[in-house]
Amino acid sequence: MTAEALDATGFAGPHGAKPKQLSWGRVGIYAFLVIAALFFLVPLYVMLVTSLKSMPEVREAHIFNLPREPTIQPWIDAMFNACTGRNCTGLSPGFWNSVKITVPSVIVSIIIASINGYALSFWKYKGAEFFFNLLVFGAFVPYQVVIYPIIIGMSKVHLFGTLPGIIIVHTIFGMPLLTILFRNFYSSLPIEIFKAARIDGAGFWQTFFKVMLPMSVPITVVAVILQVTGIWNDFLFGLVFAGTENIPMTLQLNNMVKTTQGTIQYDVNMAATMLTALVPLIIYFVSGKWFVRGIAAGAVKG
Amino acid sequence: MQTSVSVKNLTLAFGAVKVLEGLNLDVGTGEFLVLLGPSGCGKSTLLNCLAGLLEISEGQIFISGKNVTWEEPKDRGIGMVFQSYALYPQMTVERNLSFGLRVSGMPREEIEKRVARASEILQIQPLLKRKPAELSGGQRQRVAIGRALVRDVDVFLFDEPLSNLDAKLRSDLRVEIKRLHQRLKNTMIYVTHDQIEAMTLADRIAIMRNGVIQQLDTPHAVYNNPVNLFVAGFIGSPTMNFLNGRIDGSTFSIDALNIPLGNYKFEKDGVGKLDGILGVRPEHIAVGEDAKKMPFQLDSEIEIVEPMGSDTVGWTKVAGQSVTFRCSSDIPLAPGQKITIGFDPARGSLFDAQSGVRV
Ligand SMILES: Nc1ncnc2c1ncn2[C@@H]1O[C@H](COP(=O)(O)OP(=O)(O)OP(=O)(O)O)[C@@H](O)[C@H]1O
Ligand SMILES: [Mg+2]
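Here the protein sequences line up with chains P and D, keeping their order. For the first sequence, my numbering begins at 121 and goes up steadily by one. For the second sequence, my numbering begins at 9 and goes up steadily by one.
It cannot be assumed that every hint is accurate.
Stated by the list, open to error - Lysine-lysine pairs mimicking DSS-like chemistry, simulated, CA-CA at most 30 Å apart:
| id | chain 1 | residue 1 | chain 2 | residue 2 |
| --- | --- | --- | --- | --- |
| 1 | D | LYS121 | D | LYS139 |
| 2 | P | LYS409 | D | LYS137 |
| 3 | D | LYS16 | P | LYS244 |
| 4 | D | LYS16 | P | LYS409 |
Simulated from the structure, these hints should not be mistaken for lab results. Note that the structure is a prediction, hence the values are computed from the model and not measured.
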């Protein structure tokens, strides 16, 4: 104990919390994160400000400027008045079609997948493992490969180009991933809860509805988010299977933006795009907390 | 004694692995039977077979005189308590208790009566409106026991119900389970690998190893007359001393040391000469003055002393083989000290060194 000087607090050498240091590695990470955030946020910013400008202001081409006279008219036009060819209804029919497709598809696919996952985890019948592996494989099959056979199958049962048809297609394609999600969730639950329910005399459905389903809220939220965003953003299946009556919002947006005659209404197009993206965005904001919790649910024991 | 649970020739295989094979077991009505054994020996598996949660490969199971081999768990007249409590997390304590009754469509008044009775017995009335997450481990396990209680069953199955609890709570709840058994007089089958639990609770203990029941007897008999080396070594803490030597009629010799067996009761007369193992419990070895009264005495030197509070465990050597003894903590002991130890070989156990079976 010689040269070590005592500092103001009366300690010699390191003490208390270690001081934080800004290393070059950290600077690099932050720089990367900021650039990545800008990469996504700058286009969004441009779209937002453009959608709030009137056409004369847009033509000035100062794309980063805030709107001088903010107006929501482009948003109203996009939703109700914009023309696709000779058809001037805005996006609203597409919006309602998307709702009609998304809501039943999400509900039906989640109900079936949760029952699948539950049966696969707890009622180990012969061939269950094989069936599960098949599903896992199914999750990796590229959509394009199976579209043609499904078209033929659908038209054989007269469902091609109908609302039930597109709902069935979404349900089928959501099944592998959702089933894996639910199976893994149920497998992470203590098996004793299932055994206790059996001793209490609850059967397949009673155990599912009264014991398992109430415990499944976090994973169901994850499934809802995945399905709503997936189905709402879908373009390919809507194009192929929905039929002209039921084209979803994404498809209508595409048609609208592409078929403009005369001047291109950038403000309306931007507003229309934002409107189409709004539903998944809202779902994320509303349920972000739940989403993270559900993803981590495997670590939380009931 | 009437039999309550009877297992005949039970075989259970997971794929090609037979965990239980040709197992026979009879449990009397109102008996408290403990299944004791090391991890992985098949205790839980046996219990799950009894409960009907595992489909058995061969054999029969009778409960209360009825062949339940093909019955559903709910129809077997059993209640089960798990180590992990297995309460339904989204239901209140009250609904946890009544779930089975509601499922069976019992009238509301009857359900209320039973829940009230069970919660009174287990002292959980103040907790009825809470969710399991708001309970302590001990309270959760009480609710789990209550869930078996309300179903008014003949047989209770416990699978290590106290293993998740801390030492203090474990001994409290152990007494409570004993009290419960004395009050209800149900048949109880209790799995544990804690030998204190086994000794204190059991009317009879079944000691299992690799899916085979080694010995099924009262705690006293299992402790004093273990049928083989495994049981002898498994029961008792610190473990029984094993001295390798040779049995020759009525003496046991380790090299030059001869231990007269005196009144030792052989399983059958005329064992003759064979390599044997003499098992002596540490608490049956006396030191100092007490040792002088023992039929066999020996001078030796203390190597290690482990004070346990109520008593002291000492380590020494007999004919070069390590031996522990247990004595009152009032006796002053120090490493290197010369002492006299003594024991009565008649209280020990002799085993065939080859087969490990008691002789
Ligand atoms: N589902 C299963 N599939 C294959 N083997 C299993 C299965 N369940 C248990 N086993 C095996 O059966 C044997 C007995 O298991 P069991 O759970 O009955 O042991 P235990 O005596 O209860 O042990 P512990 O004291 O650790 O609870 C073990 O070797 C285990 O690996
Ligand atoms: Mg076990």
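Go through the numbered hints given earlier and state which of them the structure violates, listing their numbers in rising order. 4
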